[in-house]
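Residues per chain, in single letters:
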Amino acid sequence: MLRKLLARGRDLAWSESRDRETQDELARHLELVVAEKQRCGLDAAEARRQARLELGNPEVAREVLREGRTGSWLDLLMKDMGYALRLLRKRPAWSAACLLTVALGVGASTALFAVVDVVVLEPLPLPDPASLVRIYDSNLAKGVERTNVTSGNLQDWRRRTRSFRGLAGHYTMGRTLTLDGESEVVLSAQVTEDFFSVLGVRAALGRTPTPDETRIARFNSAAAPVSPDPVVALGHGLWTRRFGADPAVVGRTILVERRPMRVVGVMPEGFAMPAPDVQLFLPWGLPETPPRDQHYVSGLARLGPGATLAQAEAELVGVAGALAAEFPRTNAGWSVRLVPLQEDIVGAARPTLLVLLLSVALVLVVACANVALLSLARSLERLPEASLRQALGASRERLLRQFLMEPLLVSLVGGALGVLLAVLGLTLLKQTGAAVPRLHEVGLGPLALGFASVATLLAALLSGLPVALRLARAEPFCGLAAAPSRLAGGRRHALRDGLVVAEVAMAVVLLAGASLLVRSYQRLQAVDPGFDPRGVLVAPVFLDMEQYGGDGAKSRHYYATLVERLRGLPGVIATGAATALPASPLGPDFERPVWPEGAADDERPLRSAWVRMVTTDYFRTLGMRIVSGRAFDDRDSLKAPRSVMLSEGLARRLYPGSAAVGRRLVLDYSTAGTYPYDVIGVVGDVRFSGPRAAARHEIYLPHAQRPYLVMNVAVRSSGDPRLIAPAVRQVLHELDPAKPAHGLYDLSDLVGATYARDRYLTLVLSAFAAVAVVLALVGVHGVLSHRVRERTREIGIRIAVGASETHLLRWITGQGLRLVLLGLGLGAAIAAALARVVAGLLFGTSPLDPAALLAVAALPLVALLVSLHPAWRAARTSAAEVLRAG
Amino acid sequence: MAADKLELLILKTLALLPLHGYGVAKRIEQMSDGVFRVTLGSLYPALQRLERDGLVLAEWKASDNGRRARYYRLTPAGRRRLSVEQKDWERVSAAIARVLKAT
Chain S
1 MLRKLLARGR
11 DLAWSESRDR
21 ETQDELARHL
31 ELVVAEKQRC
41 GLDAAEARRQ
51 ARLELGNPEV
61 AREVLREGRT
71 GSWLDLLMKD
81 MGYALRLLRK
91 RPAWSAACLL
101 TVALGVGAST
111 ALFAVVDVVV
121 LEPLPLPDPA
131 SLVRIYDSNL
141 AKGVERTNVT
151 SGNLQDWRRR
161 TRSFRGLAGH
171 YTMGRTLTLD
181 GESEVVLSAQ
191 VTEDFFSVLG
201 VRAALGRTPT
211 PDETRIARFN
221 SAAAPVSPDP
231 VVALGHGLWT
241 RRFGADPAVV
251 GRTILVERRP
261 MRVVGVMPEG
271 FAMPAPDVQL
281 FLPWGLPETP
291 PRDQHYVSGL
301 ARLGPGATLA
311 QAEAELVGVA
321 GALAAEFPRT
331 NAGWSVRLVP
341 LQEDIVGAAR
351 PTLLVLLLSV
361 ALVLVVACAN
371 VALLSLARSL
381 ERLPEASLRQ
391 ALGASRERLL
401 RQFLMEPLLV
411 SLVGGALGVL
421 LAVLGLTLLK
431 QTGAAVPRLH
441 EVGLGPLALG
451 FASVATLLAA
461 LLSGLPVALR
471 LARAEPFCGL
481 AAAPSRLAGG
491 RRHALRDGLV
501 VAEVAMAVVL
511 LAGASLLVRS
521 YQRLQAVDPG
531 FDPRGVLVAP
541 VFLDMEQYGG
551 DGAKSRHYYA
561 TLVERLRGLP
571 GVIATGAATA
581 LPASPLGPDF
591 ERPVWPEGAA
601 DDERPLRSAW
611 VRMVTTDYFR
621 TLGMRIVSGR
631 AFDDRDSLKA
641 PRSVMLSEGL
651 ARRLYPGSAA
661 VGRRLVLDYS
671 TAGTYPYDVI
681 GVVGDVRFSG
691 PRAAARHEIY
701 LPHAQRPYLV
711 MNVAVRSSGD
721 PRLIAPAVRQ
731 VLHELDPAKP
741 AHGLYDLSDL
751 VGATYARDRY
761 LTLVLSAFAA
771 VAVVLALVGV
781 HGVLSHRVRE
791 RTREIGIRIA
801 VGASETHLLR
811 WITGQGLRLV
821 LLGLGLGAAI
831 AAALARVVAG
841 LLFGTSPLDP
851 AALLAVAALP
861 LVALLVSLHP
871 AWRAARTSAA
881 EVLRAG
Chain Y
1 MAADKLELLI
11 LKTLALLPLH
21 GYGVAKRIEQ
31 MSDGVFRVTL
41 GSLYPALQRL
51 ERDGLVLAEW
61 KASDNGRRAR
71 YYRLTPAGRR
81 RLSVEQKDWE
91 RVSAAIARVL
101 KAT
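Chains as they are written, first to last, in the working numbering: chain S, 1 to 886; chain Y, 1 to 103.
Quick caveat, the hints were computed from the structure, so don't treat them as lab data. In this text the structure is predicted, and so the values were computed from the model without any measurement. For each residue, glycine too, the CB sits at the ideal point set by N, CA and C. There could be a bad hint or two in this list.
As the list claims (entries may be wrong) - Some chain S residues near chain Y, calculated using beta-carbon distances under 7 Å:
id: 1; residue: 25
id: 2; residue: 28
id: 3; residue: 29
id: 4; residue: 32
id: 5; residue: 34
If we strip away everything but chain S, and leave its shape as in the complex, we get:
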């Protein structure tokens, strides 16, 4: 064995000198023979001629020798490759089509795999990520499945539980950073003492805030920092962008919300908690008695050693129960839920990605089947050639290699192109900023490249195997004798028919998925959002406590002036502002208990509403419908009685069966006390978080009576809202250069973003389905054409014995239809089995939606049309011509 290996190595290494040696040896042999012939009396020329005749061509001998050596497989490979390349070059369109098919298949599946790998498979880039959990409050009696926790309860959980190594809370909002006189809004997180230790992350430079610095760091009711010596840690991105990655930034003082803050450290690159774009970390010391009824804190914890999720949750539920008994007014009905952090971050994206990956795999299979079909058709065309060469002594192995080289080359080059496409696709995906969690971590790592290789090999195998199977059965002479016009059918077609049926089935599965999504998307779009986002520009403005704090007069004045000035801009129809605007991700959004005046004590905590402070023209600006009563106007001033407006749903909930306008209700708005309010109007429900979420119960307070620092300003103009953006920016700058808007958004875009996932998924899956359907139809057409060509003789005979054109048409299209119907049946069965996968992504659409599935049934019709072409060609066959040619 070892000797053989050595010999092989020698063969390889010496093959060239060896070749020369052999040549010498053969030449010498010839010489000796010639010399002997001459001794027998022949002249030199005749001796040479006879010697050659006797010995055969020395070139052949050399060739045989070279082939006999093991090392020469490389030579052979190169030769086969050259042969395949020549063939590919001869049919550039065919080659390009195959190449592109494989490249697209491999590229798309690799890019998607890279995303899925990070999002679904890779653990979070944090120490021991499996023990990190999110804590949610839940109140099933109120229909709240999960919401943020309260800082008051968080304090008690920390004291009363043992299952956790640490519990932390954080709250994220935009804050104005002023540096060298230039202001910008940066996303910031205020984080409690345990935040960094729970995550197990240290600063890359300097340090994170100490417990002492954290304890004294307070925020007022408007989340403005009010500690005596505030400190801040910077995100790596902000540090490189605004400070040129200068290490001397530690110890420097920066202005956040106009307050000087000392930079103590910089977080490591790639740190993406609580979100990748959070770039300021402010310590947050909870007060002595933090509120238990304001659910705005994000809870985060790390399980202690040995503690399981179930144990920890059970313990925390117990504590929550005890707190509910101790503080029934705020805690009655409230319990907790734990969710693994990984699940929390990527859970929602998982079904989408799996559906995408599944569909891209189907496309890849269809693509491979098509390449296989095409290669198969070509190999059958070349069957006579193969038989001839086999008869002349070419080994079957060699032939097989040559025929396989073509699909193999196509797959390998296609795969390489696919990797390039994947890189390109990922770059594009990152640039569009698609709402994929952990997208910043995604790249083509070794695992994704491994996947690309496997996909490529699979493509090579899938596209080459049928050819190999077919040729392995070829007999050396039958190919010669049987020429392509043989009458036989039957088993010879089983392989190709199977491939076409499989192709059609995959296309059907994709088509079914895509039409369900299209249907669901149509229903999403048909949902009336309750407002008209077209033509509205949104500018979130965050005023600070330093300048605008106090009794609210300054904030009231600022927003009144702002709205007035914006209204004066050319093209502007209406302007208004609200603390929280539908579809806008920014701004304070909180829910408070509300009850009709005079309700019994035990009835009070049953109902709650989302509170919004709005300026007078807000409803008109957003195009919301006033259902009854009136909208806020100048009558609802500071001196007037407190007035509120209700959403339609809330009005029904509070006053079932009777009019709400004119009634009085109580809103428990703890920081300002509990007051009664006059209901002056009812406004239509809005889909606050997109069409999928049910309309919320909302209560509106006039900004004049309840001023607020953070507002989303909406400007409705007659044209494209982006056109007035520069003017709006200018107005904001004139009012206060230190208070730029936290971005300027087209409300239509914001609304679109709430169902962006549905749109992308529908679009991508429709594209996949279209590609698969086209490929499948090409497959059907190719197979039928080939069959017609193969059976020209039979067709000729049929015509000769009196078959009519219609008969032939029916015969051929019937064959095509049979394949398509088989594929349809198979595909429908697979689609039904996969219905569960897609069901969770659909909106108001059953996975067996008849109208959507009807689209699938259109496939046989199209296939019928496609099969008409080869059928028509068959029908036009001239019997005499065929029989003569045969």
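Fit chain Y to the given chain S structure using the hints.
For chain Y alone, kept in the frame of chain S given last:
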């Protein structure tokens, strides 16, 4: 002629003395009274196989008339193989002869 039989014959011719390729072909032709005519296309691949398997050794040497030629000689392993194969062949051919006579 089957390749393994050719190899047996080559080993046999080399058992007496080292020969170059032409010599091997010539001797096989002589010994078989012209029944076996060995072509280049079968002789040299066989020699190469034997060389690869370590049964013969090849080296360039000056021939009788002073020209250089590649001489093949049997290695001990080649000699052992020859005796094994030869016995094998004798046994098989005798058996075949018996079977053929039996009819």
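Okay, the hints, checked on the actual structure:
Taking 7 Å as the C-beta cut-off, the interface hint given for residue 25 of chain S holds, the closest approach to chain Y being about 5 Å. At about 5 Å, the closest approach between the beta carbon of residue 28 of chain S and any beta carbon in chain Y falls short of 7 Å, and the interface hint on this residue holds. For residue 29 of chain S, the shortest C-beta to C-beta distance to chain Y is roughly 5 Å, which falls under 7 Å, so the interface hint holds. Among the interface hints, the one on residue 32 of chain S holds; its C-beta lies about 4 Å from the nearest C-beta in chain Y, closer than the 7 Å criterion.
At a threshold of 7 Å, the smallest CB-CB gap from residue 34 of chain S to chain Y is about 11 Å, leaving the interface hint violated.
Violated hint for the displayed structure: number 5, the only one.
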